Amino acid sequence: MAAKKKTIGRYKILGELGRGAMGIVYRAQDPALDRVVALKTIILADDAEGREEYQKRFFLEAKAAGKLTHPGIVTTYDFGEQDGVAYLAMELLEGTDLRARLKEGALPPAEAVEVARQVAEGLGFAHERGIVHRDVKPGNIRLLERGRAKIMDFGLARMRAADHKTVTGMVLGTPKYMSPEQVAGSPVDQRSDIFSLGIVLYEMLTGSRLFGAEDMTQIMHNVTYQEHEPPTRLKPELPAMLDFVVARALKKDPAARYQDAAELAADLSTCLAELRARPASPSGEPTGTRTVKIERSAEPLSDAPAARAIATDTRLPLARQFDSSAALDRLAAPSGRDRRRLARAPRPVGFVRRILADGPVRRLFVALVIAAAAGGYIAWG
Amino acid sequence: MLPGMPASPQASVVFLKVQDFARRAASEQARLRAQLEAVVAVTVAEIDPASRVVLEAGDGVAVVVLREPRGALRLAERALAAAAAGLPLSAGINHGAVQVFKGNGGMTGDGIAVAAAIAEFAAPSHLLASRSFRDALAEVVPGLEAALAPAGTFTDPGLRSHELFGPDRSAPRRRRRRYAAASVVLVLALVGGGIGARIAKEGREPFVKSVTQKVQPYLRALVRKLSY
Chain A
1 MAAKKKTIGR YKILGELGRG AMGIVYRAQD PALDRVVALK TIILADDAEG
51 REEYQKRFFL EAKAAGKLTH PGIVTTYDFG EQDGVAYLAM ELLEGTDLRA
101 RLKEGALPPA EAVEVARQVA EGLGFAHERG IVHRDVKPGN IRLLERGRAK
151 IMDFGLARMR AADHKTVTGM VLGTPKYMSP EQVAGSPVDQ RSDIFSLGIV
201 LYEMLTGSRL FGAEDMTQIM HNVTYQEHEP PTRLKPELPA MLDFVVARAL
251 KKDPAARYQD AAELAADLST CLAELRARPA SPSGEPTGTR TVKIERSAEP
301 LSDAPAARAI ATDTRLPLAR QFDSSAALDR LAAPSGRDRR RLARAPRPVG
351 FVRRILADGP VRRLFVALVI AAAAGGYIAW G
Chain B
1 MLPGMPASPQ ASVVFLKVQD FARRAASEQA RLRAQLEAVV AVTVAEIDPA
51 SRVVLEAGDG VAVVVLREPR GALRLAERAL AAAAAGLPLS AGINHGAVQV
101 FKGNGGMTGD GIAVAAAIAE FAAPSHLLAS RSFRDALAEV VPGLEAALAP
151 AGTFTDPGLR SHELFGPDRS APRRRRRRYA AASVVLVLAL VGGGIGARIA
201 KEGREPFVKS VTQKVQPYLR ALVRKLSY
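Sequence order for the protein chains is A and B. Mapped onto our numbering, the consecutive letters of the first sequence carry residue numbers 1 to 381. Mapped onto our numbering, the consecutive letters of the second sequence carry residue numbers 1 to 228.
Honestly, the hints are just simulated from the structure, not real lab data. Quantities reported herein were computed from a predicted structural model and do not represent experimental measurements. No residue lacks a Cβ here, since even glycine has one placed at the ideal position from N, Cα and C. Check before you lean on any hint, since a few could be wrong.
[Claimed, not checked] Some residues of chain A that are not near chain B, with every Cβ distance over 12 Å (derived): (1) T7; (2) R27; (3) Q29; (4) A32; (5) A38; (6) G50; (7) K67; (8) P71; (9) F79; (10) K103; (11) F125; (12) P138; (13) R148; (14) S208; (15) M220; (16) T224.
[Unchecked claim] A few chain A residues that face chain B, going by a derived Cβ cut-off under 8 Å, partial list only: (17) A240; (18) A319; (19) L368; (20) I378.
Work out the full structure: start from the sequences and follow the hints.
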C-alpha cells in the first residue's frame, strides 16, 4: 500500500519511522514549504458506511488537534485522505520516546517531574479547548533535547477506540494507562488524562510498572481497585510532596482527583522547586528523614478479587518515620498473660472493683457504711 | 495474620485526621503531613514503644495502642492541643479488633475502620470516642470514663450507628459533687432512720434526755475551750 508509494497527498516519502496499531509513520517532505514532517497514516475501514463515519471523525479530531499550538504538544500541520489512507502531517521531532527511555529504568526525580509538568501544561492547554487526549502513555510522550518533552497523538485514541468498538464490541487501547472510568467504558473528561499522567509520573519516578499484570482482565481490575504504594516507599530520596501529587492524580474517583491539568502542573512546579533546592546527596541516601525498612507483603495473591478490594480499603501501612517493630514483635509473640489480655474485649467493671478503684463511689460507700453503723448504734446501741 | 498472635488482638486506636485533606493543594498536604508527623512524634513518645504502632492513613495517622486506653486518650488530647496552631486536626478513638499483615505489611481491622469513621464526625480540634473505648477506659481505671460525656449517636456512610462520647472536663467534677450530695443525703437518711427507730422504741422524752446526758460533757468542754 502506502509503503510502496513515493508520495502521499503532497508529501514525498523519505523513509519509515515506525509502525503502530493504526498504520505507519513516515518521514516525509512537504515540497510546498520545503519542510520535513512526520506523516502518520491511518488505514480506513473497508466498508463504505464505516469508512465514511471514520473519515468524518478523523477529520473532526485532526482539525481539533491542528488548533493546538503549545510547546508541550506536537504540532499537527495538515491532514488529508488518499486511496483509503488518512494521514496527518505532524512536527518531526528528534529525540526518543519516553517508553524507550523507561526501559533503562527510572528517570532522575527532577527530570521525571519536569517531563510530567510539561506534559501537564500541554494537556491543560488542550483541555481548556475542550480536547481530551484519552491515551496518555509513555509511547505518546517524546523527550527532546535540553529537557523538553512533548505529547503527541491527540484525539487518535478516540478514533481507534470507536473503530474497534464497532468491530469487536470491546474498548481497546492501552488499559494499563487508562483511568478507572475509561476501563469501565464510562464517559471520560480531562480528569481521565490526569489519571493516565499520574501513572506515567509514577513509572518515571520509581521505574516500576503500576497496575501491570499478565492478562487484560487483571490489568483492568488493578486499574479499578488496586491502590498504589507511595513513590517514597520505593524511592525514599523523593520528596514527600510527590506522594501527595501522585496520590491525588491517581484517585479512583474522578471527583477526588485534580480537576484540571493546570492544577497538577502547578503542584509539580512546587515539587520541582523543592527538588532543585535540595543539596545533592552523593550517596543517593535520603536527607533529613529516618527511614525504617518495610518488608513487602509476602501474602499470596490468591484471595478473591472482592476480598482483596475490601482488605485494601481498611488496610493501613506502617508509618516509616516511626519504628513500630517492638509492638509488632509483642503482637507476634505475646507472653501467656499478655496474649490473654490482648485478646480480651473490655468487660464491665464489677461492683467490688468499682468500690475499690473509683474514688467518688468509694467515698459514697464508706460514708454509707459509717452512716449505717451510726444509725444502727443510735437505734439499738 | 501472624502465626503466634492472638486471634483478634484488641487495641485502642487513635485516628488523627487532617480536615479536608483531599481538597488541599499538594504543597499544603505535604506541609500538613510534615506538621502532623512532628505532632505525632512528640505525643507518641509518652507511650512505651512496645505498646504502640503508628500507621499511615491517606488523610492522617492512626496510632494503635495496646492495653493502654488511658495513654491513647492522653495522646489524642495532646495531639489536638499541639496541633491547635495551624493544623486542622480531629481525632477519633475506638477500641476494637486489629490485625497485622504478614511481613509488616501494615494493619487492618474493625478497630481501625471504626476509629477512622469516628474521626470523620469530629469537628476540627475535637475528639470523639466510641462506647467500646469508654468501656476499655473504665476497665483500666474505673471512674475515668466519666471524662467522656455522651455526644450523640452518629451513622456512618455504611449505615453503621456509633454511640459517641466527647471529652467533658467538668464532668468528673460534676460527678464527684453528685456523689458527695448523694452521700450527704444517704448519711442523713440513715442517721435519721436510726434516731426515728430509737424514738419509736423509747419515746421522745427519754431519748432527748439520754442524748443530752451524753452530749452535755462534750459541749461544756467545747464552751470552756472557746471561752479561753
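A quick look at each hint next to the structure:
1. T7: The claim holds: T7 of chain A sits with its nearest Cβ about 50 Å from chain B, beyond 12 Å.
2. R27: 41 Å, holds
3. Q29: 45 Å, holds
4. A32: 47 Å, holds
5. A38: 35 Å, holds
6. G50: Its Cβ never comes within 12 Å of chain B, the nearest being 44 Å, so this holds.
7. K67: For K67 of chain A, whose nearest Cβ neighbour in chain B is about 30 Å away, the distance exceeds 12 Å, so it holds.
8. P71: It holds; P71 of chain A is separated from chain B by about 24 Å at its closest Cβ, greater than 12 Å.
9. F79: Nearest chain B Cβ is 38 Å from F79 of chain A, so the label holds.
10. K103: Label holds. Min Cβ-Cβ 29 Å, cutoff 12 Å.
11. F125: Non-interface label on F125 of chain A holds, nearest chain B Cβ at 21 Å vs cutoff 12 Å.
12. P138: The claim holds: P138 of chain A sits with its nearest Cβ about 22 Å from chain B, beyond 12 Å.
13. R148: With a cut-off of 12 Å, R148 of chain A remains clear of chain B, as the shortest Cβ separation is near 24 Å.
14. S208: The assertion about S208 of chain A holds, with a minimum of 17 Å to chain B.
15. M220: 23 Å, holds
16. T224: 18 Å, holds
17. A240: Holds. Min distance 5 Å.
18. A319: Cβ of A319 of chain A sits 4 Å from chain B, so the hint holds.
19. L368: Nearest chain B Cβ about 6 Å off; hint holds.
20. I378: Because about 4 Å separates I378 of chain A from the closest Cβ in chain B, which is inside the 8 Å limit, the hint holds.
Going through the hint list in order, the structure satisfies each hint without exception.
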